[in-house]
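Q: Fit chains P, C and V to the given chain F structure using the hints.
Number of protein chains: 4
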Amino acid sequence: MTKKQGIKVVTIGGGSSYTPELVEGFIKRYEQVPVRELWLVDIEAGHQKLEIVGALARRMVKKAGVDLTIYTTLDRKKALQGADFVTTQLRVGLLDARIIDERIPLQHGIIGQETNGAGGLFKALRTIPVLLDIAKDIVTYCPNAWLINFTNPAGLVTEALLRYSAHQKVIGVCNVPYNMHQSIASMLGVEKDSVSIDFAGLNHLVFGTHVYVDGEDVTDAVLELLSDPEMALSMKNIAPLPWGRTFLKALGLVPCPYHRYYYQTKKILEEELRAFHSGHTRAEVVKTLETELFQLYESEDLHVKPPQLEQRGGAYYSDVACNVIASIVNDTRDVQVLNVRNNGSIRELPEDAVVEVNCIVGKHGPTPLSMGALPIHVHGLLQQIKSYEQVAAKAAVTGSYEQALLAMAIHPLVPDEELAETVLKEMLAAHKAYLPQFFSETK
Amino acid sequence: MTKKQGIKVVTIGGGSSYTPELVEGFIKRYEQVPVRELWLVDIEAGHQKLEIVGALARRMVKKAGVDLTIYTTLDRKKALQGADFVTTQLRVGLLDARIIDERIPLQHGIIGQETNGAGGLFKALRTIPVLLDIAKDIVTYCPNAWLINFTNPAGLVTEALLRYSAHQKVIGVCNVPYNMHQSIASMLGVEKDSVSIDFAGLNHLVFGTHVYVDGEDVTDAVLELLSDPEMALSMKNIAPLPWGRTFLKALGLVPCPYHRYYYQTKKILEEELRAFHSGHTRAEVVKTLETELFQLYESEDLHVKPPQLEQRGGAYYSDVACNVIASIVNDTRDVQVLNVRNNGSIRELPEDAVVEVNCIVGKHGPTPLSMGALPIHVHGLLQQIKSYEQVAAKAAVTGSYEQALLAMAIHPLVPDEELAETVLKEMLAAHKAYLPQFFSETK
Amino acid sequence: MTKKQGIKVVTIGGGSSYTPELVEGFIKRYEQVPVRELWLVDIEAGHQKLEIVGALARRMVKKAGVDLTIYTTLDRKKALQGADFVTTQLRVGLLDARIIDERIPLQHGIIGQETNGAGGLFKALRTIPVLLDIAKDIVTYCPNAWLINFTNPAGLVTEALLRYSAHQKVIGVCNVPYNMHQSIASMLGVEKDSVSIDFAGLNHLVFGTHVYVDGEDVTDAVLELLSDPEMALSMKNIAPLPWGRTFLKALGLVPCPYHRYYYQTKKILEEELRAFHSGHTRAEVVKTLETELFQLYESEDLHVKPPQLEQRGGAYYSDVACNVIASIVNDTRDVQVLNVRNNGSIRELPEDAVVEVNCIVGKHGPTPLSMGALPIHVHGLLQQIKSYEQVAAKAAVTGSYEQALLAMAIHPLVPDEELAETVLKEMLAAHKAYLPQFFSETK
Amino acid sequence: MTKKQGIKVVTIGGGSSYTPELVEGFIKRYEQVPVRELWLVDIEAGHQKLEIVGALARRMVKKAGVDLTIYTTLDRKKALQGADFVTTQLRVGLLDARIIDERIPLQHGIIGQETNGAGGLFKALRTIPVLLDIAKDIVTYCPNAWLINFTNPAGLVTEALLRYSAHQKVIGVCNVPYNMHQSIASMLGVEKDSVSIDFAGLNHLVFGTHVYVDGEDVTDAVLELLSDPEMALSMKNIAPLPWGRTFLKALGLVPCPYHRYYYQTKKILEEELRAFHSGHTRAEVVKTLETELFQLYESEDLHVKPPQLEQRGGAYYSDVACNVIASIVNDTRDVQVLNVRNNGSIRELPEDAVVEVNCIVGKHGPTPLSMGALPIHVHGLLQQIKSYEQVAAKAAVTGSYEQALLAMAIHPLVPDEELAETVLKEMLAAHKAYLPQFFSETK
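Chains as they are written, first to last, in this note's numbering: chain F, 45 to 487; chain P, 45 to 487; chain C, 45 to 487; chain V, 45 to 487.
Next comes chain F alone, as it looks inside the complex (with noise of 0.2 Å):
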């Protein structure tokens, strides 16, 4: 990979809805990495939607004139040859599976969301075998090549292709800490430039440590941002509760919106039960929403991202995974938030988990920084959820029902070891398409 020759990038599940802002990222940053072949993959089932994505691929890139070729390919092996950076955003069985996983645990009266308690546990058993799989080929057809995964949940997909994969040039990558940063920043009424956050813990339960405004240590003032209803951080995928004022200055750590699963578990359980009584849960929101999103790409006149795309909580995925293809490239050394490796970065964890913090990212890969002591008060809440991934992922590879009710049993939002069994067999049994592991005769 040299930026002469120009960049060649894979995109597994290239037929998301997601790909045009990966396209349009690539576009923007041309200049500083040259991006000339984007092979977009996927499977047979969706081939339609992968045609779609890549005809509107190609109208973007005419459009703005670069030299990138776009691939449109079911042939995995082929265009992994000789990449230089393999992205992957899919989701085995697709949008109907994630409805499983809400809907399950919610008639049993546990939460059901997608990478959060049973229904992200499933979700994790069902992407990463495949995601070995992936990286197994990597090995084979592009063993220098990085992966980026943005698949979800993407913290424990990462902690298990680091664990069980041949292949150790792994990022995993999310929106939280980039989309938290832009809302803290906008408000403090401030440029995003001149905010700088320490962000530590796991994905999707990562904290902002300090916030800093031109260097000045801002945090206690955004805390009680924070606690006012009004200005209460969001994402498009989780309701904006508003935080205690007591309990935010008493935590004295920016939490993430996810956190509200964990410190607002019965307000957040009473919301997604409403939901399902009406049939609008989260899921079933956002099918609706591709079904439209698709609609819109089909149009022979779209020749740019689509502003709709922004209504999905994935929004900027491709911007963090941009930003980190580009600092890789040009060995840029800046600060960027990534799922990692944890080596010590995290002292309250174990050193070889996977953790999200702030890393620097040049041309050998993202280094995090040492974070220094947690306060005693999350440690708990972080080595629960760790030890939870880590008996998730061996479930996954090993297809074991005992490791798999152990993940679900000891879950914080899963309240009885009894009631979770009952609600992983119900889900395996959902799910038995896509979890050969579970179900084969030699097992």
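Careful, some of the hints might be misleading.
Same chains, same label: a pair holds when it works inside one copy or across any pair of copies.
Stated by the list, open to error - Keeping only pairs whose Cα atoms sit at most 16 Å apart, straight-line, the calculated EDC-like set for lysine to aspartate or glutamate is:
#  : residue 1 : residue 2
1  : K407      : D378
2  : K93       : E342
3  : K121      : D181
4  : K407      : E260
5  : K213      : E260
6  : K213      : D261
7  : K293      : E446
8  : K213      : E344
9  : K407      : D261
10 : K293      : E462
11 : K476      : D140
In case anyone wonders, no lab produced these hints; they're calculated from the structure.
A: Here is chains P, C and V on its own, set in the frame of chain F:
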């Protein structure tokens, strides 16, 4: 202290209904541990009970024919002079406070229990300042004495003592491992002495990591038996809910009865709500029991510990305490399960945290054994409760509303920070008389 | 293994001059540990010695009138069948190799010693592959047997076994703590039983961190006595150099005799060079002593262990080993000082490193005690020797010249990497016959 | 401090011969870092030198035409008022003290050196109290200032400051990594900017763990080159002894020049003894050099830093310091190698130890990168020097003879505790005037 001169023991909270068991313990062990003076100390509010218990103790001693003088006094400082051991078994606010600890949380739909969750937090907030005060007197009047704390939540109280007191000769004791040992032996149909168990965890959250019979590892067999509903290990004060067979197998460790609060939260809560609505929470049941016990104790014809005492959850507590005293006096260096500073015994918990583990006990006190690695799937829960305990101890010592809210909100049995604040405020108001640190004017 | 059936012990290196002590040990403890079969195993080169020792052992047993059969054999595999305990006390290359280990380094002006520095490294390189081979046979012929290793350097050899062998029931024993215990008691003029010592460190680098007499801490008094030149703790094989009074006080720990190699390097080296030039290095002295011992052993009139054996540095080694065996057989759970996997016992050393610490020993083997924090001023030396041991073990197993050089060069008694290479080359050549792993053609 | 208002820098030890370099640094970077006031502070004994240097500095500034006022003063407190940065480059006892530091140890046959071994210890004992005093003044007069310490032994002094001072905005700087970076680039024949190096270790004991050229790992090639005697990395103040080729390969890390003291002790000692006997120890050479420098500085015709200054070992020190200042002022967040609190950056060293590692530097100071695991074979040496440093810092602060002896005796370059005490006593006597803490009457 030498065996020849005889031992002086001071029991703070001497008017407790448990005292006859302690007296029985000293009588039984008189040959090895010649306790010559037992000072029962209580406060004005407990004066009458103290005298009833003191009189019974004197009758017991007389009947046994041992040279042991029983003193009853309200003057703690006088009692402490030159003591060898101080035991603490007090209950700040008596059972009425416990009723509040149980009922207020249940009123808000969350678990209300003596040592766990919101109730346990408030018991700690009331108790810790009193214990620190006792420890201060010990430094003045008997600095070489060992403080043997039975007062619940015993682990958290011991954590607070070792963290905030100048007196460091402190040991926390609990009857849970003792009872587990006994129950497992009887379940296996073997002598208690042939069973040995590696215990590691926190107080009321301790695991049997290995069970041996005559040196053979029988842990798997024990787990198999434990999932038999007939066999379910149980304590008087916890519903004997069965454990899931696959769950126990996957867990790979013997849980203690209190683990049900965390692994069977939903079912325990349902049970408790039933008791709540019928006006028979555990505290209410115990209060009736205690009234009956004191009626028995008053009888001049009673010269022994009455068997009804064993109905209490704390049965055998004093056996455990007497064993520790015997091992210190005789430099026995045998293995006992105690609450001590971790010192690397459980590698996954902070070095300075108080843990409940196998120790050897000799004249210079307890030394924990190195328990080796615990499985990843329990790190989270242990760390979470330890985080809570350290925040709770800080709240108790400082009287900080913020820290108290934090302790409440991060406890896994309190599922919402807003609810946490509601319950906190209500309980602070209800217990105001016993929480001066939160209401002092100079704060 | 049950006490009733009787115990089978196999001693590899049975022709050693130490064997009579081991036999005496089994005879003395026959009531508690009924060893019925003792198999003395040696190699062809030691055949004659084996028969001399075997005959003496038979006379000892006969005289004692116990039911213990002595077998002598060169067939290791046959001997191992169904063994309960395997003890190893072999010396690859015999005393001639030790003479080389001592003389080559001294020739280059650096310390040459049996278990430390360049000499100790080569003893390890010769010994470890043989021990791993024995461990392999144990897996095949008696997988439940405990391997009790006395072979020096005992800590490093145990490190290698626990790191590279499939057989994990391995305990390293050494007489240094035993002798320190005895010497300290006699120095204090009290019974050995009334003294207890907390030992923590590495083999031949173990500290007494606290000395108690009847539970009272007398460490300071012991340090004071130890700086009296008349009292200097000493071993047969180390010059009894006095310790500086202020140094010992500042150290705050009781050093073992071998600590002189590190804290008195200069003086020890001068002593050794004197012995070197006069042709009386320790190995040369021992060789003469051993010839005399075997002359004694041959006498048909000898029916007991001759007192001359106690002139050897290894005296009481077998006492230590017999104690371990007795505690395992009888599930005694008493405290002994052994070389075991750290497991957090010494927090400053890696969890998986072999350390020498107080352990309790019962039927399922030894469990180390948590020794708490060691003072900062000894972390460095301990870590340095442990680093060396782990590199040395790797060199022994792989036969890597680079790793051997690294082990030599980082050892604190080898003050130059170039010199390290010179000595390494010379010693590799001199010991070629016993270091096949470094000279195999296929490497 | 804002760029607009201009920066105020105070240099303690302003009369140092290094000052012209610092001034040159500020002139070169005036655009990015507008230093408007530079206060050169010295003590009475250095008055004359201060004025010579001050006059030269003023000529340099005038010639460069920048708006920077040079102040010279003996009144430290006045100078510190409102400072943004304080740099320290003092030498307690001047070069005469250094001559003693070098000659007394050599007289006893052990290494005598400015920052290592017995000499380094005494430099630390003299320097630390003075630095703590300066830090105290900073707390009073300019609490927001960063203290940039160049005073040797820079790592140990920074350790003492961060451990014992209330002022925590302290950064230790050293030119060794800077020079290594430069030398390696020139050895490889590439631009300095295309080389990046991961540095991890302690001051004067730092390793290059990976060397990258344009993101490609070329560490092995660098090690190969380094074992070429022609190429041997070297510093002005260390003999350019070649490294063994196999040793370097086995080490797998790029040593710094000072590593020779530990890996080539014998040869370095021989060199030093030669210099000692000829009266040309490094301190003596430097003293002559310095006299010559001041003669140059006095010339009214000199308006720039004279090239002869680069003969000194400390060349580029001020470049390093200016870079730190520039990154803080401009919130650059670029990577620099600094002495900071570990915070998990080097997992094998204590969290609160000062280490020398890659950091990113922005407005709120330096944050270390997580360097990942270092190979086992360097843990020992690093821990040993860190143990020594922490004991030495304690000795310097407390004036404890025992701690000073301990620091001396555990240092790997002092091979005997008795000798340690002899040298200690002699050096204490020789440096008495500068070690009031060891001679105060009230002790």
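Q: May I ask which of the numbered hints given earlier this structure violates, with the numbers listed in increasing order?
A: Result: hint 8 breaks, nothing else.
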